[in-house]
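Peer 1: From first to last, the protein sequence lines are chains Y and X.
Just so we're aligned: 570 in the working numbering is position 281 of the first sequence, and the numbers increase by one with no gaps anywhere.
Just so we're aligned: 98 in the working numbering is position 2 of the second sequence, and the numbers increase by one with no gaps anywhere.
Because the hints were derived from the structure by calculation, they are not lab data.
A quick note: this is a predicted structure, and the numbers were derived from the prediction, not measured.
Do not take every clue at face value.
Derived EDC-like pairs: lysine to aspartate or glutamate, alpha-carbon spacing no greater than 16 Å straight-line [said to hold, decoys possible]:
#1 X:K612 to Y:D561
#2 Y:K658 to Y:E636
#3 X:K163 to Y:D619
#4 Y:K374 to Y:D619
#5 X:K530 to X:D591
#6 Y:K605 to X:D591
#7 X:K375 to Y:E344
#8 Y:K372 to Y:D619
#9 X:K381 to Y:E344
#10 X:K175 to X:E165
#11 X:K612 to Y:D619
The primary structure of each chain is shown beneath.
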Amino acid sequence: MEHVVIIGNGISGVTLARHVRKLSDKKITIISAEAEYFFSRTALMYVYMGHMKFEHTQPYEDWFWDKNRIDLKQGFVESIDTKSKVLHFSHGETLNYDKLVIATGSKPNKFGWPGQDLEGVMGMYHKQDLENLEKYAPNNKECKRAVIVGGGLIGIELAEMLNSRSIPVTFLVRESSFWNGVLPEGESGMINRHIRNHHIDLRLSTNLKEIKSDENGKVKSVIIEETGEEIECDVVGLTAGVSPNIDFIKDSEIETGRGVKVNRYLETNIPDVYAIGDCAEQHEAIGNRRPIEAVWYTGRMMGEALAQTICGNRIKYNPGYWFNSAKFLDIEYQTYGWVHGKKGRPENEAHFHWKHEDDTKCITVAYDKNTNKFLGINTFGIRMRHETFDTWLTENRDVDYVINHLAEANFDPEFYSRFEKQIIQSYNNQLQTA
Amino acid sequence: MSLATPDALNITTKQKIALGLGLIGLFILTLALFNTSFPNKGLFLTIALSLIVIGTIFYSREAYLNKLEGIKNDGVWFKSISSRGFWGWSVGIILTAFYIVLYFYPQYLGLGKDGVENTGLISLFDPLSQLLSGRNASQWFVYGTLYTIAILAFGYKFILKYRHNRYQQIRTVSVMFFQLGFAFLIPEFMYVMNNDLPYYDLKSIWPLNYYIFDEWSVKAFLSNGNIGLSLILFGVLSIFVITPILTYKYGKRWYCSWVCGCGGLAETAGDSFRHLSSKKLSAWKLERWLIHLVLVFSVVMTTAMIYTYLGYKSNDFWLTRGVFISLVIGFLTIIFAGVMIFKRNELGKDAKYGAIGFFLVITLLLIMHFTGTTDQLFYIKSGNLRSAYGIYIGSIFSGVIGTGFYPILGSRAWCRFGCPMAAILGFQQRLFSKFRITTNGGQCISCGNCSNSCEMGIDVRHYAQKGENIVRSSCVGCGICAAVCPRGVLKLENDSMKGRINPNEILIGNDVDLMKLVNEN
C-alpha cells in the first residue's frame, strides 16, 4: 500500500489527507512538531481572549483520525533523503515514504533587529507563541505595556488580544496608514481611526530600531528608529509578516527559493515530493496572486487539488476568483475579486468608494475605467455573499450592474439596516460630478 | 476549580456597587425564606425586586456601554461562573435545590395548605398576587414572578450586549413580551374575569404543556361555556395548525427563541452559560434518543389520559375510546407514511429509527386498547402514568435538570434533550421548512466560534467549513453563531426548500472544473 506522508498538520495538510482518504485506501501519515491534533491557527487569538478553550479550536474530535485511518505522528523532521525516500527525525527516528507532501506553513519574520530573541519577544503564529504570550502577558500587572511591530492582519489581532486583558498596546506600523499595501486609502484610514477608538496607541510611519534587555535577558523597552524614543514594555510582538517555514529542507535536493518551488501541479523538482499551503512557492505567480499565498483558503484549495493528483487524476492547482476576509477588532472585512491599494494598482483600475457616516462601514468597488467591467469589491462592516460575487465575476458584469444589484449580495443578519439606496445615490452623485 | 481570573477582567467599582444592590435584593428574599416577618410585605417585596432589577441594569450598562459595539465574549472561559468553576457549581447547586423545594416541598417556601395563611417567601408575594388577581400567592406565583423578572432584567442585559445586532434585540424584546404578557399577566387577568378557568398560558402548547388535555383541565374548560371551549380549541389548533404553518415559514425559531418561556429564560438569564453545551458527536447521539423517547412517552401518556376519561361510563358522545384510538393511530400513520414516501431520501439511515419509533407508539397504543380496563392501563393505575410523566419529565427533567444545571450543562439542556415540543418542531424543521443557516461560500476559517456559542450543542463549524448549509432539527435559530462569526459566514434565512441541504466536498473559490468533478460525483 502506498504511503503518503504529509509534514505539517495545518489546514493544507489535513485537507489533503481527508481528500486522499475519500479517494483512496492509501496509508496516510501526518507529522507535526507543533501540536498533537489539527487546530485552527486563526482561532488561537480567541483562546487568549477567553472566548474559547484550546480544544475548541480543533475542528475534529480526537477519534476522527483513527476512524479515517490517518496516522498522526509527533516529531520534528530534521532532514529529508529524497534518494532513498526517508525522513530523519530530530530524535533519531526515521520514516519511509512513497509520496511526500511538504505542508509546513510559515514562521514569523524577524528582520535582524537587535534584541529580537530576548525573552518576552514573540511572534503570534504557533501554538507555542500563544503559550509564550500567556506566560509573559497574563494580565496588566505582569505586562504593563506591550509593543507590536508590524501592521498586518496578525498585528491587529495581537493588539485585540492584549486589549481584551486591558494591557496597554503601542502598535508600530511602518506604513503611513494601516495595511495600505493592500487596502485603498479610505478603508485604511477608517481602520486607523477604529484602532485608536479602541485606545490602542497606533504609531504610523514608525520603525523599530532595537529591543532593549533588562539584566535578566528579558525585554525592557524598545527604541523607535525615527525619533529615538524609548518605550518601556514587557512584551514585544513581532508581526511583520511571515515567510515559509522550510529551514529543514535547505540541505536537501528539493529546490527552494523563498519557499519550496512548485509547478502548477504543486510538484517540486523531485518526483513524488510535493508542497502545498504557505510554504509552497509557484515558479510563476497565477494571475494577480502572489507566488507564495499565505492564506487559509489557498492552503485548503491546494490540499483539495493535490489530493486528485496524488490519487491518479493529475490536475493543476487552478484557483478561481480571489477572495479573502479578516476582522479588524469589531469591523469585519471581506473581499471578492481584486481591489488594489495604492501599491501595485493596475493603471486601468478605478474605484468607487462609499463610507457610512458612523465610520465603521464602507465599500470599495474596483472596475476597469475603460470597459467599466467589475473587477472586485472590498466590504467593511457589511457582509456580502461569496456566491453572488463569484457569479458576477464569471458573468463579466459591469460596475453599474453590480452597484444596482448590491441588495442581492447582502448577507447581513435579518433586520439589519440596509445601505444599498445610499450607496446607489452616492454612486450616481460621484459619476455626475466626475 | 479556579477562583482566580486574569486580573484585568475584574469588575469595576460601579459594577461592584450594582452587584451589591442586587445581592441585597436577593438577601431580603432569603430572609423571607427563613421566615423573617416583614412589617410591610408590599414595601419589602417592592424593594427586593427593584434592587435585583436595578442592580442588573446598572451592572449591564457598566459592562457594555463603555465599550464600542461588538462581540463581548472576553473571558467567558476564564470566569468561574461561566466555566464550571467554583461560582458556576455554587449557582448550579443553589438553583437545583430551589427547584427541588419548589416542585416537591413548597411548604418550605411557606405555602399554606388547606386555607392556612402563607408564611415565609410565599407570603412576601401575597400583596403582589392580591393586586393582580385578588388571591394569595402560591409557589407558582412566586416562581412565575421571579422567572419573569429574570427574563426582563437579563433580557435588558442581552439587548445591551448585542446592541449592534437588530436580530438579537428584536428577538429578545419578543421573548420579554411573551413572558410578561402571555405567561405572567394574562393568566392572572383571566382568573380575575373567570376564576373557574384553569391557568392557561396561551403560548404554552401541547406537548410542552402536558396537562392541557388532562381530565381536570378539559372539564374545567368545557364547563366554562364558549370561552372555555374556544381556549381548548385554540390549544388543539396551536399544535395541529398554527405550529406547522409558522414552522414551515420560519423554522422552529418562531417558537423556541422568540416565544417560548423556557427558551426565553435560556436566551436571557442563561446566555452566560450557552457555550457549556457539549458539542461531541456522542452528545448528539444521546440527544436524539432521549428527546424522541420523551416524545413517545408524551404522546402515549396524553393519549392514555384522554382514553381513560373517555371510557368512564357509557358515552353517548361520538368520541368513544375506539374512535379516539383509531383517530390517533390513523393520524400518526398518515404522518409516517407521508414522510416515508416524500422524504425517504433526506432521512437516510434515520428512517430506520423513525420507523422503530412509529411502530413502538402504535404497538403501545394497541396493547393499551386491548389490555386496558376502566382504571388500569398497561396493568398500572392510569393516574400513575400521568404522575410519573409529571414528576420525571415535567418537574425533574425540565425544571431541576433543565434550569438548575444551567451552569453545568449549558442553558438549553431541557430544550435539547427533553422537550417533546422541540422534538415535533425539529422534526418538521428538518424535513419541511424554508429555514436554514446559509453558509457563505468558502469563507469559513474553522475557528470554532460558532460551535462554541451554540447553546444546542450543534457543531456548526462541521457544516460551515464544508460550505454546507446548516439544517438541523435541534437548531432554535437564536442566531448567535452568525453573530460571533468573525468572517461573515453564517446567515439565518427563510428561502426555498430546493437546494436547502447542499453537502459539498470542494468549496467555492477553487477550480470550477474540480468543483464540478468532485461535487457532482
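Peer 1: Run every hint past the structure and note whether it holds.
Peer 2: Structure-based check of all given hints:
A C-alpha spacing of about 26 Å is found between K612 (chain X) and D561 (chain Y), which places the hinted pair above 16 Å, so the restraint is violated. With a C-alpha separation of about 9 Å, the suggested pair K658 (chain Y) and E636 (chain Y) falls inside the 16 Å cut-off, and the hint holds. For the given pair, K163 (chain X) sits about 11 Å from D619 (chain Y) by alpha-carbon distance, which is consistent with the 16 Å threshold. Restraint check for K374 (chain Y) and D619 (chain Y): the C-alpha separation of about 48 Å exceeds 16 Å, so the hint is violated.
Distance hint between K530 (chain X) and D591 (chain X) is fulfilled; the C-alpha atoms sit about 5 Å from each other, no more than 16 Å. Simply put, K605 (chain Y) and D591 (chain X) have alpha-carbon atoms about 36 Å apart, too far for the 16 Å limit, and the pair is violated. With a C-alpha separation of about 11 Å, the suggested pair K375 (chain X) and E344 (chain Y) falls inside the 16 Å cut-off, and the hint holds. With a C-alpha separation of about 51 Å, the suggested pair K372 (chain Y) and D619 (chain Y) falls outside the 16 Å cut-off, and the hint is violated.
For the hint linking K381 (chain X) to E344 (chain Y), the alpha-carbon distance of about 21 Å lies beyond 16 Å, and the restraint is violated. Distance check on the hinted pair: K175 (chain X) and E165 (chain X) sit about 21 Å apart at the alpha-carbon level, beyond 16 Å; violated. With a CA separation close to 36 Å, the supplied pair K612 (chain X) and D619 (chain Y) exceeds the 16 Å bound.
Hint compliance for this structure: hints 1, 4, 6, 8, 9, 10 and 11 are not met, and every other hint is.
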